[in-house]
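S.K.: Listed here are the chains, written in short residue letters.
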Amino acid sequence: MSGFLPLALDALNYTSVLLLVSIGLVIVFGMMQVINLAHGEFFLVGAYAVLVLQGLGVPFWLTLPLAFAAGGLLGLVCDAAILRFIYHRPADTILATWGLSLAIRQAIVIIFGPSSQQVVAPLTEPVNVFGISYSSYRLAIIAIAIAVAAVVFAVLYKTAFGLAARAAMANRPMAQCLGINTRRLDRVTFSLGAALAGFSGAVMAPLMSVDPQMGMGFVLPAFLSILVGGVGSPAGAIWGSVVIGGSTTAAASIWTPVIAQIIVFSLSIAIIRFLPAGLSGLRRK
Amino acid sequence: MSYRLLLTLAIWLVLGLMPLALGSWELAMFGQLLVYGIAAASLAFIWGEVGLVCFGQALFFGTGAYVMALTSKGMIPGIPDSAWLGLVLGIIGGALAAAILGGLLFFGVGLRSAYFGIVTIAAAVIGERLATNWRYIGGFNGLLDVPPLPLPGGTDSADPLMGYLLVLSFAFLSWLLLLALQRAPFGTVLRGIRCDERRMLSLGFSVPVYKLVALAVSGGVAGLAGALFAIQFSFVSPAVIGLALSTEILIWAAVGGKAVLMAAFIGALGVKWVEGALSESIGAYWLLVIGLAFVAVIVIFPHGLLGRLLDTGLPKRLRRP
Amino acid sequence: MLEIEGLISGYGKGASVLKGIDLKAAKGDRLAIMGRNGMGKTLLAKTIMGLVRPSAGKVKFDGIDITGQHAHSVSNMGMAYVPQGREIFGDFTVLENLRMGVIGKPGLTLDLDRIYGWFPILKERERQRAGTMSGGQMQQLAIGRALIGRPKLLLLDEPSEGIQPSIVHEIAEKLRMICAEEGLTVIVIEQNFDMVEILAERVAFIENGKITGEVPVVQLAADPDLITRHMGL
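Chains as they are written, first to last, in the working numbering: chain R, 2 to 286; chain C, 10 to 330; chain W, 83 to 315.
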C-alpha cells in the first residue's frame, strides 16, 4: 500500500499535465483537422520562459501566467505568419507545423545551448498525505492542472465562444453560414492550444531537466493520448490522458523507460486498431 | 518524348559521367548523397502515390542499415556473414518493418490518415530508443567496421569509383522500379485510393492490401538505401533509425517535390549539398534555416521546387485525350 | 433584394456546373427554383451563400456586391440558409442549435419566444439532443435557427426532403405565414410542387446550368404539364 499511493499520485500528476497538453491538440485538430506537430515546442517555450523569468528574479508563481501568455503569443504569430495561408490544405499545414517545430527547437538551441538546465521548484518541503511523505510541488501541480482543465472545459461547454468553437468543429461550413468567422476561431483555438502547452511546459519545468528535446518527449505521449481518447470531442482528451498517463507511470515503475514506452505505444495501437474513434467513440454507440 | 523526360534522363547521364569530372574524394562524397536520394525517392513514392505522409521513413532505412551491418559482421545466428546477403536481407528487413507497421495500421477498421503521421513519429522515436538501449547491436555507439561489398574483378565498394558506380546503379534501378510501379495498373489503383479510398473499396479493391504493398515497397527501397549507407560509412548508429533522419528525408522530398521521384531524389542531393557547403560557415543556424525554408516551400511551392519541372507524368494511355 | 448576373460556378477546377445564371428577386418576393437532380441547384445556393466561390458573374444582395464574400459575412448581412439535409448540430441540444443562430451576429438577442410561438415543438424539446428528433422536427429547428438571426432573405434548399407529406404541407403553410408577417424575401429550391405551390409566387426553372424560364405558380397549378415540360422530363 505504501508503494501504491505515491505511484498513484505520480500517475495523477502526469495525467493532469498530459490532459492540458492534449486538450490543446484536440481543439486544434477539431477546428483545423490538423495535428499540431509544433505543440511540443510551445511546451518547450513555456519551460524556457520560466528559466528566463526566474533568472530575472520573477517569482515562480508569476511565471506560470507569463508562460501561458508566451505560448499563446507565439501561437498567434505562427498563425498570422504561416498557417493563415495554408489552413485550407490540412496535409500541408501538418508539414508546416513540423517545420516550425524544427525551427523553434533549433532557435532555442542557438539561444540557450543544447545542454540541460535546472529550474528551481517553488515548493521543496514534502508534505504528509495519507500517511506518506510526498512532494508538495507535485500536489500543487495536480490541483493547478485540474483547475485549468476545468476552466477550459467550462469555456468550451458553457460559453458562447465554446458553443461556436464546437459548432465549427462539428460542421464548419454550416457554422460559417450562421455568421461564425471560423478563421478567427482557428486563430483563437490555435493560440489557446499553444498557451496551454506553454503553461504545461512551465509547470513541468521544475520536475524535468529543461533541454531542447524535452518538448517532443512530453508531447509524444500526448499525441498517443488523443488517438486513444479520440479526436471527436474535447472530452476525449480526458480518457486518452488517463489511459496513457496511467499506463506509462505504471509500466515505468516496473520496467525500464524504453520498455515502458514500447508497451504504452503497443497498447495505444491496439486500442485505436479496435476503436477507430477512440475511447470517447464508445459512448456514442 | 517530353522535355521533362529528357531532362530526367539527362540528369542520369550527368550522374553517370560524374566520375570523369570529380576526383576520388569528391566522388565518394557524391556517392553518399545518392544514398540520401534513394531514401527521399522511396518516401516520395508512398507520399505521391498513396498520399501517406510517413514521418518514420528512417525506421525502414535504419532497419536496412542495421540488418546489413549485423549480417556482414556475422552477428545474426544461423546466417553466414556475407555482405551481398546482407544487402538482400537489408532490403527485406526494410520492407518487413514497413509491412508490419502497415499491417498494424491499415487493416481492420483502419486508421484516419491524420493519425498515420503521429503513429509513425512515435514508431521512429521508439526505434531509436530501442537501438540505443540494445546492447547486442552496439547500443549508443552502434556497430563499427562494417565490411565493404566485394565486387567482381577483385575490387570492392570501398574503391571510390566502384563504390560510386555501385550506388548509382542501385539508385537507377530503384528509380526504374518505382517508376514502373507508378505507371503500372498498380499505380493507378494507388492513385485511386489517394483520391477516394471508400470508392475504391466499393469497387472491390482490397485497399489495405494495396496500401500495405506500397508501403512495403517504399520500405524495401529505403532499406536498400540504409544498407548502402552502412557499407559506405562502414558503421551504423541509432541516428540512422531515428526521428531526426526521418525529418531530414521528409524535408528533402518536400523541398524537391513530394510526388515526383526524380524531384525528391534531386531534392535530397541539393539540400545535402547545400548543407555541406554551409554547415561550416553557419553551424547551428543550419537547422533553423532549413526548418524555415521547409515551411516556406510548403506554403509557397506545395509541389516542391522541382516537382513541376521533373514530373514526367503518366504514359499516354493513362492521360486524358 | 437579390440580383444574380451571369453567375458561373463549379466544384473544383475546370468544369463549371452553373453556366451563366441570371435571377432577380425583389424585396418580399417568394421565388422557387425547380430543376432535375444534378442541374446545380444546391451549388447555386452554396455559391449565393459564399460557400463556393464563383469563377465569373455577380451576386448583389440588398444593393451590395457580395460576390466572393465569405459565408459568415453574407450571413451577417441578413441572408439565412437552410441547407439540404438540414445540417443541424446533432450532438447539440435544440436550445444550443437555436443559440447558434444568433451568437455570430453582434447585437442580436436570443428571442426564443418568437420562434417557439411558430414552432411549439421546439420549446417542448428544448433540452433534447437535436440529432434524436424526427426529420420534420429537425427541419423546423433548422428553419427556426435561420429565423432567429432576423434575416432579410431566407434561402431554403429542399426543405421537404425526407419529410412525410402531411408535415411538408404544415411546414409550407407556416413558412408562408411567417414570411408574410415578417416581409421576408424567400428563395426556395424544391422538387416538391406541394411546397412550391403553397410557399412561392413564381418558379424559375434551371436546366444544364442555366435558367430556362420563369412561370407564375398559379399558371403551373392550372397546367401541371408545364412543369414536366420545363423540367425537361
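These are computed hints drawn from the structure, not numbers from a lab. Heads up, some of the hints might be wrong.
[To be verified] Per label pair, the in silico range of CB-to-CB distance:
| # | chain 1 | residue 1 | chain 2 | residue 2 | range |
| --- | --- | --- | --- | --- | --- |
| 1 | C | Ala248 | R | Val128 | 54 to 64 angstroms |
| 2 | R | Val156 | W | Gly217 | 54 to 64 angstroms |
| 3 | R | Ala81 | W | Thr214 | 52 to 62 angstroms |
| 4 | R | Met209 | W | Lys205 | 49 to 59 angstroms |
| 5 | C | Leu26 | R | Met209 | 47 to 57 angstroms |
| 6 | R | Trp62 | C | Ala248 | 50 to 60 angstroms |
| 7 | W | Arg311 | C | Leu15 | 25 to 35 angstroms |
| 8 | R | Gln119 | C | Pro161 | 39 to 49 angstroms |
| 9 | C | Gly32 | R | Ile111 | 50 to 60 angstroms |
| 10 | C | Glu35 | R | Pro258 | 38 to 48 angstroms |
[Stated by the list, open to error] Calculated cross-link-like contacts (lysine to any residue; reagent style SDA-like; alpha-carbon spacing at most 25 angstroms):
| # | chain 1 | residue 1 | chain 2 | residue 2 |
| --- | --- | --- | --- | --- |
| 11 | R | Lys159 | W | Asn158 |
| 12 | W | Lys142 | W | Thr124 |
| 13 | W | Lys187 | R | Tyr158 |
| 14 | W | Lys205 | R | Phe162 |
| 15 | W | Lys187 | R | Phe162 |
| 16 | W | Lys109 | W | Tyr93 |
| 17 | C | Lys82 | C | Arg207 |
| 18 | R | Lys159 | W | Glu169 |
| 19 | R | Lys159 | W | Gly265 |
| 20 | W | Lys234 | W | Arg284 |
| 21 | W | Lys106 | W | Leu177 |
| 22 | R | Lys159 | W | Pro188 |
[Claimed, not checked] Pulled a few chain C residues facing chain R out of the computed Cβ check, cut under 8 angstroms:
| # | residue |
| --- | --- |
| 23 | Ile109 |
| 24 | Leu113 |
| 25 | Ala131 |
If you're wondering where the values come from, they're calculated on a predicted model, not measured in any experiment. Where a beta carbon is used, it is the ideal one built from N, C-alpha and C, also for glycine.
S.K.: Are there hints from earlier that the structure breaks, and if so, what are their numbers?
M.R.: 1, 2, 3, 6, 7, 8, 9, 16, 17, 19, 21 and 23
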